[in-house]
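**Student:** Residue strings, one per chain:
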Amino acid sequence: MRNLYLFFRKHYFYFLFLLLETVSLILVFNYNDFQNAAVYTWSEQAAGSVNSMFRNISEYFSLRNTNRVLTEEIAQLQSRMPEAFYKADTNTFFLRDTMYKSEYRYIAARVISNTTAKRNNFIMINKGRMHGVQSHMGVIIGNRLVGQVVGVSRNFSWVMSLLNKDSRISGKFRKNNQLVNVEWTGGSYRYGTVREIPKHFEIVPGDTIITSGNSEIFPEGILVGTIEDFTISPDENFNTARILFSTDFNSLGYVEVVIDLMRKEKEDLKNSVQTK
Amino acid sequence: MTLKNIIRFVLLVLLQVLILNHVSLGGYVNPYLYVLFILWLPFSTERWVLLISAFLLGFAVDIFSNTLGLNAAASVAMAFARPFVISMISTGADFEPGSRPSIKGQGMRWFLSYAVILVLIHHTVLFYLEIFRFSEFFSTLLRVVLSAIFTLGLVLLSEYLTIRKK
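Protein chains in written order, with my numbering: chain A, 1 to 276; chain B, 1001 to 1166.
These aren't lab readings, by the way, just hints derived from the structure by calculation. On a predicted model such as this, the values are computed, not experimentally measured, just so you know. Where hints are given, some of them may not hold.
[As the list claims (entries may be wrong)] Here are some chain A residues the structure puts well away from chain B; computed CB gaps all over 10 Å:
hint	residue
1	3
2	27
3	28
4	175
5	223
6	229
[Unchecked claim] Selected chain B positions facing chain A (in silico; Cβ < 7 Å):
hint	residue
7	1047
8	1048
9	1069
10	1076
11	1080
12	1081
C-beta: ideal position from N, C-alpha, C; glycine also.
Full structure from sequences and hints, please.
**Tutor:** Structure, rendered in structure tokens:
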């Protein structure tokens, strides 16, 4: 026993080193990967108060730089304000479709206000008569349907969202061009109703509905949604289905207004037939 | 003497955590001047005092830099090596009682080899323990060497500043 004590005493330097090193390594491997709150609370607080005290002082030395950064940020934010690009930002895009000799024009617009929770929802966009927007023009986002313009002022337009009781879209099944009507019957903004599906027509969940192009509002082939589920109603002449809209109406940022440059020609033709 | 060392301890920890921890050149080079405390302890320091104070030094730095145990392990390793390094590079002559290692007392060559070896030991333990994988072996080695150069520069600067003051 005494020898052991003498041994330790003689080599205490090594044992003390091993002990301290072990303690350090235990600390390293236990408290660095996942920070254990229990051990950290007091040390964090002490370190935090010292660091924040020093930070309070050192902040003054970087005020000039902080100011510069803040002014830059203000300038950047101001240039993003709607006011900053009313008149300047009238980008228009042309789509020349040589197959059908048809020509659509698109105007990018920013959504200023939008609702999805009401029964009749409208969207306000920051493009108006001045930018060439007229009533009864379609509004899309990417290749997905949003609604149609119902009111135009000098700088703004009111868009009747698809989520509206007056909104009725002439659509068709992409797989065989079967014509249907798409409406929104309230409730969730993600689902609508497809009406007038003929009895003989076989519906499969996942079928895609696109715009038919029969109206002058939307070009053909704009995505409306996909069939979620359907009901067979024996008493009626048509079946109905529930549709999942392709557009997420709750997250609209920028939309495009579709201008059909041949709309007048089409309407004139239609009127000439009807008057006879 | 003891009071002087305690003050030095506090000052070096504060300098390290408040200023030097925020100094990083190109993401590679961090100076760890707080090891100067261990380098400057008197020759006559008891060996257990050496180890314990080194542990406390590293632990204090760890608390403020959120790396619990890391600097403590490196400092303890460095303090452990110190007596061996001193006996290895010294020529057998006894040191003045109460004196500490310095350029003035032991000469530039002696002090430089003393400081280089100990700082390299400290930085090697510190950086490799921090990374703890061998896939970054060479980039860590580069960090060790560059940081050691930076630290040694500051150590020599401190040496000359204290010489002029006397």
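**Student:** Checked against the structure, which of the hints given earlier come out wrong?
**Tutor:** 2, 3, 12
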